[in-house]
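With these hints in hand, go ahead and build the complete structure from the sequences.
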Amino acid sequence: MRERDHVDEIDRVLQGHATGRDSVVQASWRRCIERYGLDPAKPSPAHIVTESELRSHREQSERLIAIARSGLGALFRQVAGQNYVVLLADAKGVTVDFFGDTRFEDGLRAAGLYLGSDWSESLAGTCGVGACIYTGEAVTIHQTDHFDLHHTPLSCTAAPIFDTSGQLAAVLDLSLLRSPQPKASQNLAMSLVRTSARRVEMANLMAMTRSDWVLRLSSSPEFLEVDPEAAIALDGAGHIIGMTHAAQAALSPGEALLGRRLDQVAELSVDDLPDLMRGRPTEDRVIRLRDGRALFGHAIARKAQGRHADSRCCPEGSPAWPDPIPRCRPCWRGPRGWRPAWCRC
0 MRERDHVDEI
10 DRVLQGHATG
20 RDSVVQASWR
30 RCIERYGLDP
40 AKPSPAHIVT
50 ESELRSHREQ
60 SERLIAIARS
70 GLGALFRQVA
80 GQNYVVLLAD
90 AKGVTVDFFG
100 DTRFEDGLRA
110 AGLYLGSDWS
120 ESLAGTCGVG
130 ACIYTGEAVT
140 IHQTDHFDLH
150 HTPLSCTAAP
160 IFDTSGQLAA
170 VLDLSLLRSP
180 QPKASQNLAM
190 SLVRTSARRV
200 EMANLMAMTR
210 SDWVLRLSSS
220 PEFLEVDPEA
230 AIALDGAGHI
240 IGMTHAAQAA
250 LSPGEALLGR
260 RLDQVAELSV
270 DDLPDLMRGR
280 PTEDRVIRLR
290 DGRALFGHAI
300 ARKAQGRHAD
310 SRCCPEGSPA
320 WPDPIPRCRP
330 CWRGPRGWRP
340 AWCRC
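In numbering that gives the first Met the number 0, the protein residues as written are 0 to 344.
Honestly, the hints are just simulated from the structure, not real lab data.
Heads up, the beta-carbon is just placed ideally off N, CA and C, and yes, glycines get one too.
Check before you lean on any hint, since a few could be wrong.
[Claimed, not checked] List time: in silico DSSO-like cross-link candidates among lysine-lysine, alpha-carbon distance up to 30 Å:
no., residue 1, residue 2
1, K91, K182
2, K41, K182
3, K41, K91
[Stated by the list, open to error] Cβ pair distances, simulated, as ranges:
no., residue 1, residue 2, range
4, E61, A236, 54 to 62 Å
5, A109, A248, 34 to 42 Å
6, E136, R292, 48 to 56 Å
7, E266, A109, 50 to 58 Å
8, S218, D38, 23 to 31 Å
9, E52, R3, 29 to 37 Å
10, R260, E33, 39 to 47 Å
11, E266, Q180, 27 to 35 Å
12, S164, Q263, 41 to 49 Å
If you want it as structure tokens, here you go:
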């Protein structure tokens, strides 16, 4: 698509004409013009924050970076052969972690696929990270979906990462400098970022929640213990005090989940949780929900494993939780005993 054609299409969308673009793209284009005052005819280079600004953003996201990094590295190893870049942006759109091929460093930096790049929609226009932050949904912004002409060669697929209270904490993005023309070519990338974001949320819940119980949930028994779909943390009275984003949709669609008792959403009380531990076959660990649906549950008694739970800075190879899913430690001790300011060990 020629530059003039791109600008003309954005103008037609603003006039209310159908162009075949996804609704999320059209809505973002309108925001870029009407809310942010951006001009599609004036391309802007990628914005990289200063070192001091990046340091501040990374310090605020330090805990999540530590928890997510192992999973992001594994994701990059899956896609590096196809020249993808993995970005972790904070809730403001600034890239606080990055995995990419160093051979293409200059091109990646120029394109904004680099540490410290700011992908907030108000600055970068329509883009994967910016649209994901605004909608709270996983999105693919492919080539000329981008508002700014500088970004139209890129393909960006992004998924949100929510904290244990349901607030947006970060965005995981898979991007390409050059990609095949069909947008459908990024369907696998969409599946990968969604799965990786879910696993980061799961690891974050396990690392951050000082609860009596964690209840993992799955729609099938086969993957319940190795790759659950959702999880909640509960106190001793059965109140839900933490969750992954998928748990909201699984247990209480349309209603607040935090603060409710387990027996308000399922035919199950906290006293029944020992029956959902590993000593029982996964296919027998059925949870009946109040709306008639059924899920499979895996309960973890955290106080019973308190000696492990409190060992936040454990030696390499010693998992903080006896669990089949590898997890990165929520904190570590570096040279001369350095540790993050948030560490309570």
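Against the structure, the hints:
no. : hint                    : in the structure
1   : K91 x K182              : holds (26 Å)
2   : K41 x K182              : holds (25 Å)
3   : K41 x K91               : holds (24 Å)
4   : E61 x A236: 54 to 62 Å  : violated (32 Å)
5   : A109 x A248: 34 to 42 Å : holds (39 Å)
6   : E136 x R292: 48 to 56 Å : violated (23 Å)
7   : E266 x A109: 50 to 58 Å : holds (57 Å)
8   : S218 x D38: 23 to 31 Å  : violated (47 Å)
9   : E52 x R3: 29 to 37 Å    : holds (35 Å)
10  : R260 x E33: 39 to 47 Å  : holds (44 Å)
11  : E266 x Q180: 27 to 35 Å : violated (51 Å)
12  : S164 x Q263: 41 to 49 Å : violated (18 Å)
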